[in-house]
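Asker: Basically this note's numbering = 1-based index in the sequence shown + 380.
No wet-lab data here; the hints were simulated from the structure.
If you're wondering where the values come from, they're calculated on a predicted model, not measured in any experiment.
Keep in mind that a hint or two might mislead.
Listed next, with one range per pair, are the computed distances between beta-carbon atoms [what the hints assert, rightly or not]:
(1) L585 - S779: 31 to 37 Å
(2) S562 - I791: 32 to 38 Å
(3) A467 - G787: 35 to 41 Å
We put the CB at the ideal spot given by N, CA and C, even for glycine.
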Amino acid sequence: MPPRILDALRAALFPLGRVRGPVSTLNTADLRAFRATLLGTLVTSVGLGLTLPFTFVYFDHVLGLALPVVGFVVAGAAVLALGATAAGGVIADRIGLGRVAVLGLVLQAGGTTLLALAREPVAGAAGLAVLSMGNAFVWPSLNGLVTHQVPAERRSRAFAVRFGLMNVGLGAGSLTAATTVSVARPGSFHVVYLLDGASTAVFALILFVGLRNTAGWTAHAHRTREAAPTGYRTVLRDGHFVAHLVVLLALAIFGSSQTEGPWAAFVALTPGGSTRVIGLGFAANTAAIVVFQLPVERWTRGLRRSRLLASCALSGALAWVLTGIASLPGLPATVAGTLLVSALGVFGVGETFLSPVINAVPNALAPDHLRGRYNALNSATYPVSKFIGPPLAGVLIGSGTPNSWVGVVTIGMLVAAGGAVLLGRRLPLSVELSGR
381 MPPRILDALR AALFPLGRVR GPVSTLNTAD LRAFRATLLG TLVTSVGLGL
431 TLPFTFVYFD HVLGLALPVV GFVVAGAAVL ALGATAAGGV IADRIGLGRV
481 AVLGLVLQAG GTTLLALARE PVAGAAGLAV LSMGNAFVWP SLNGLVTHQV
531 PAERRSRAFA VRFGLMNVGL GAGSLTAATT VSVARPGSFH VVYLLDGAST
581 AVFALILFVG LRNTAGWTAH AHRTREAAPT GYRTVLRDGH FVAHLVVLLA
631 LAIFGSSQTE GPWAAFVALT PGGSTRVIGL GFAANTAAIV VFQLPVERWT
681 RGLRRSRLLA SCALSGALAW VLTGIASLPG LPATVAGTLL VSALGVFGVG
731 ETFLSPVINA VPNALAPDHL RGRYNALNSA TYPVSKFIGP PLAGVLIGSG
781 TPNSWVGVVT IGMLVAAGGA VLLGRRLPLS VELSGR
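All chains, please: the whole structure from these sequences, using the hints.
Answerer: The following block contains the structure:
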């Protein structure tokens, strides 16, 4: 990444004259580690953008697996990922978050390469399983590392910047996929999966070089607290954290898990649906995040985090309503396509409300010696949602009334919004206020 871009990112995170005190304690090694994380995030997200929208389409149209079965394959991979998430949290607290992140990236790269080489469903399912386990190691570790690299009062912004940068790469990948990937050319899917695997391997190398000998690479900082209570049972006694997990799980089941496959499968059944529209929809999603992420973080800095969660849920509900309207019979294909692309754009705006909160809350609640486990359980909501959301979507979309999928996920997001409001009554004020 050019130095000017890195300097701009540093200025965005630590603007001169605005932050005093703890920011001055940030040392060069920690800043270098955070820059390495940003650079690697950008590299791997380009590859991820090439493949993210097409899991269901790839298994259905290229590997020849029926949609309802695809849903259960994705769910099976999610079960493995859930177990890997729990194990990853324990390992991270023992050997270090950085080491676990690199290990997870190696697994991700291997799983994606297996998907690229697959020519039948069994091989594809094996690749998806390895990829999912790698994901389960990577993202909790990276989120925990931010707490070592960035002072507490800047972490919400740090999470927002990393999320926004990730979506720059996703947008670039999605735009490329929109013009190069087609079910008429099955080989195009294999190529983009290979590119995704290569970019993930590069991320692993960047982290291995950039994070060694920095805070969080090993678990040395936790050894003074070995006498403190450990284990997931201790984490689950934190009622505030458990309430946060419930809301986050609802958002994932009826939100993010529906965008990574089910939405594309539903779009393929609509008059205005095509791989081009799917790719453009994900490009619109990432463009909305890139444009609005930092302004939203700045505008909402004084708001309660529970209100941001509710705003995310309401935006998701609106996105699903727009998707349902696009499927109405009689709409011109151009109008339907525009509504579908706009729907994921609206969903992207909702994600900008979520990104400063989703990882900041668990890290505000977690003691250092349990940080790996807190982040693991926080990330476990994702594989759990994949176990529930895609099979549900596969059954609904594959039924005689695919529009029932729109109704279910819309209601689910409205319920999540209500849960977020209730969460705000439980969280301590110091955790609720995003500016702290």
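Asker: Give a verdict on every hint.
Answerer: Against the structure, the hints come out as follows:
Distance hint check for L585 and S779: the Cβ-Cβ separation is about 45 Å, which falls outside the suggested range of 31 to 37 Å. Between S562 and I791 the beta carbon distance is about 34 Å. The supplied range of 32 to 38 Å therefore holds. In this structure, A467 and G787 meet the distance hint of 35 to 41 Å, their C-beta atoms being roughly 37 Å apart.
In the structure shown, a violation is registered for the earlier hint numbered 1 alone.
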